[in-house]
Every structure is written in structure tokens, then in C-alpha cells.
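J.: Protein chains in written order, with my numbering: chain A, 1 to 113; chain B, 1001 to 1118.
Since the hints were derived computationally from the structure, they do not count as laboratory data. Just so it is clear, the structure is predicted and the values come from calculations on it, not from any experiment. Some hints could be false.
The calculated EDC-like cross-link candidates involving lysine to aspartate or glutamate, where the alpha carbons are at most 20 Å apart (straight line), are [stated by the list, open to error]:
1. 42(A) to 1022(B)
2. 1042(B) to 39(A)
3. 1055(B) to 1111(B)
4. 1064(B) to 1111(B)
5. 42(A) to 1111(B)
6. 71(A) to 55(A)
7. 56(A) to 15(A)
8. 71(A) to 1065(B)
9. 112(A) to 84(A)
10. 1055(B) to 1065(B)
11. 71(A) to 1059(B)
12. 1020(B) to 1052(B)
13. 1014(B) to 1059(B)
14. 1014(B) to 1111(B)
15. 68(A) to 49(A)
16. 1064(B) to 1088(B)
17. 1020(B) to 1065(B)
18. 100(A) to 1087(B)
19. 112(A) to 39(A)
20. 71(A) to 49(A)
21. 56(A) to 1063(B)
22. 1055(B) to 1087(B)
23. 1014(B) to 1088(B)
24. 1041(B) to 84(A)
25. 1055(B) to 1022(B)
26. 71(A) to 31(A)
27. 56(A) to 39(A)
28. 42(A) to 1065(B)
29. 1041(B) to 31(A)
30. 100(A) to 31(A)
This is what each chain is made of:
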Amino acid sequence: GENVGLHLPTLSVQEGDNSIINCAYSNSASDYFIWYKQESGKGPQFIIDIRSNMDKRQGQRVTVLLNKTVKHLSLQIAATQPGDSAVYFCAENRRSNTGKLIFGQGTTLQVKP
Amino acid sequence: GAVVSQHPSRVICKSGTSVKIECRSLDFQATTMFWYRQFPKKSLMLMATSNEGSKATYEQGVEKDKFLINHASLTLSTLTVTSAHPEDSSFYICSATARQGSYNQPQHFGDGTRLSIL
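Just need the whole structure built from these sequences, with the hints factored in.
T.: Quick look at the structure:
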């Protein structure tokens, strides 16, 4: 499953399928990006980050892709599991912001058993 | 590592009460902490940035006299909602980074405080 465009609010995928969550960021000067996962009633949990000198970074079952040309970021989750159901936020930062993150709207991922 | 603890997790109180929320970094020294507010099904909205030993920097539109922030040590920041009213009801979340002004390090978040003002 994949959401397209400027992040649809909800993405539904079948358990075991791969998920792709997209994010369009706002500022071409941004050079550090993070994906967070937020479960209901909890704070955001760090998933993976990427700096602008890279276009791909892999973690455990997750991959982040960065396309600076079109200011686009994506999070790929392999073999999606029910425990992956949550809201996913992308966040951007740049040196002039000195640590302040700018969060995207968020995408709700629903995993169907 | 990088655990941030927030307390209390839930507060229900009467209008006019002041409420203090604590944010602690448990296993690292947090030179910078951030306070966010989140409405249902919405993204996080930054309220203020607090650096240890100095005054907090508030985002535009956030009343500093309403939301008092103190960051007196490298492991503790507090947010006090003064004379809280029903419109202050929200989910408040703190985060912390280990290095002051570091823009390329992830923020680590607490589990939030659900504030309900009756």
C-alpha cells in the first residue's frame, strides 16, 4: 500500500504487505529529516533519520528515501505487522533552526489482519 | 538509551487551577527541551524551546505568562499552565536533545500529559 500526493490522512494495508508513507517537505534548505511513529495516547517514537547528503537509509524493516530535487521523503515498511498501526510523522530540520523540528501533517497507518 | 519521562500522564482539574507538568531526561543530560501541544488527529505544534539555565523561547502566539517554563537542571524542565481554562485542555508533550542547538540529532519524546480542564 502507498499514499500519494501530499500525504493522505489514512493508509490501509494488509498484514504482510509493504507500506509506503510519503511526505512532502517545505523548505529546500532543510537538511535533516526524521520519521516518528506515534501510537494512540503516547508520545512520538523515533524510527529513523536521514541527512541530506544521503538519499537512502535502511533500518530494521524500514527504509527512508530522500529526493531533494522534488523535496520528497518516504518511509517504507517491509512486511507490515499489526503492531505497525499508528500515526507516522515526518519532521524536517535545518542548521538555522538550531534544533526546532517542523512536523508534517501525519499519516495514519491501519494494518488489516 | 535516550529515555524521556513525563509526569503526570493525565490531569483532570477545575477551571482556574494551575497545573505543573514535569519532563525528565532519565539517562542523558538534556541541554535543550521542547514543549509541544497536540490536538486530536492533528500534528504537533511547538510551543517553546527551553535551554538549561536560560529563559525559554516561545513560538509566536504562545503566551509566556500563561505557559511558564523552567529548565533549572540538565535533566528537568517543567511547564506550568497557569489559571487553566477549558480551552487549555489538550495533549502536552515534551522532548529533549542532548546537545544545545544541535539540529541534526533526533529529539526524544516523553509519553505526553493529557490535560482536561472542567
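J.: Decide, hint by hint, whether the structure agrees.
T.: Here is what the structure says about each hint:
1. 42(A) to 1022(B): Status holds; Cα separation ~16 Å.
2. 1042(B) to 39(A): holds, 13 Å
3. 1055(B) to 1111(B): violated, 24 Å
4. 1064(B) to 1111(B): Given pair residue 1064(B), residue 1111(B) is violated - Cα atoms ~23 Å apart, limit 20 Å.
5. 42(A) to 1111(B): Roughly 5 Å separates the two Cα atoms, so the pair holds.
6. 71(A) to 55(A): holds, 11 Å
7. 56(A) to 15(A): violated, 24 Å
8. 71(A) to 1065(B): violated, 38 Å
9. 112(A) to 84(A): Measuring from Cα to Cα gives roughly 11 Å; hence the hint holds.
10. 1055(B) to 1065(B): With Cα atoms ~12 Å apart, residue 1055(B) and residue 1065(B) stay inside 20 Å; holds.
11. 71(A) to 1059(B): violated, 25 Å
12. 1020(B) to 1052(B): Given pair residue 1020(B), residue 1052(B) holds - Cα atoms ~18 Å apart, limit 20 Å.
13. 1014(B) to 1059(B): Judged against 20 Å, a Cα distance of about 27 Å means the pair is violated.
14. 1014(B) to 1111(B): Not satisfied, since the Cα-Cα distance of roughly 23 Å exceeds 20 Å.
15. 68(A) to 49(A): holds, 15 Å
16. 1064(B) to 1088(B): Holds, at about 14 Å.
17. 1020(B) to 1065(B): Since the Cα atoms of residue 1020(B) and residue 1065(B) sit roughly 14 Å apart, the hinted pair holds (cutoff 20 Å).
18. 100(A) to 1087(B): Measuring from Cα to Cα gives roughly 25 Å; hence the hint is violated.
19. 112(A) to 39(A): With Cα atoms ~16 Å apart, residue 112(A) and residue 39(A) stay inside 20 Å; holds.
20. 71(A) to 49(A): Answer holds: residue 71(A) to residue 49(A) is near 15 Å, not above 20 Å.
21. 56(A) to 1063(B): Roughly 40 Å separates the two Cα atoms, so the pair is violated.
22. 1055(B) to 1087(B): Outside the cut-off at roughly 25 Å; violated.
23. 1014(B) to 1088(B): holds, 12 Å
24. 1041(B) to 84(A): holds, 17 Å
25. 1055(B) to 1022(B): holds, 17 Å
26. 71(A) to 31(A): Judged against 20 Å, a Cα distance of about 10 Å means the pair holds.
27. 56(A) to 39(A): violated, 25 Å
28. 42(A) to 1065(B): violated, 27 Å
29. 1041(B) to 31(A): At roughly 27 Å apart (the allowed maximum being 20 Å), residue 31(A) and residue 1041(B) break the hint.
30. 100(A) to 31(A): holds, 13 Å
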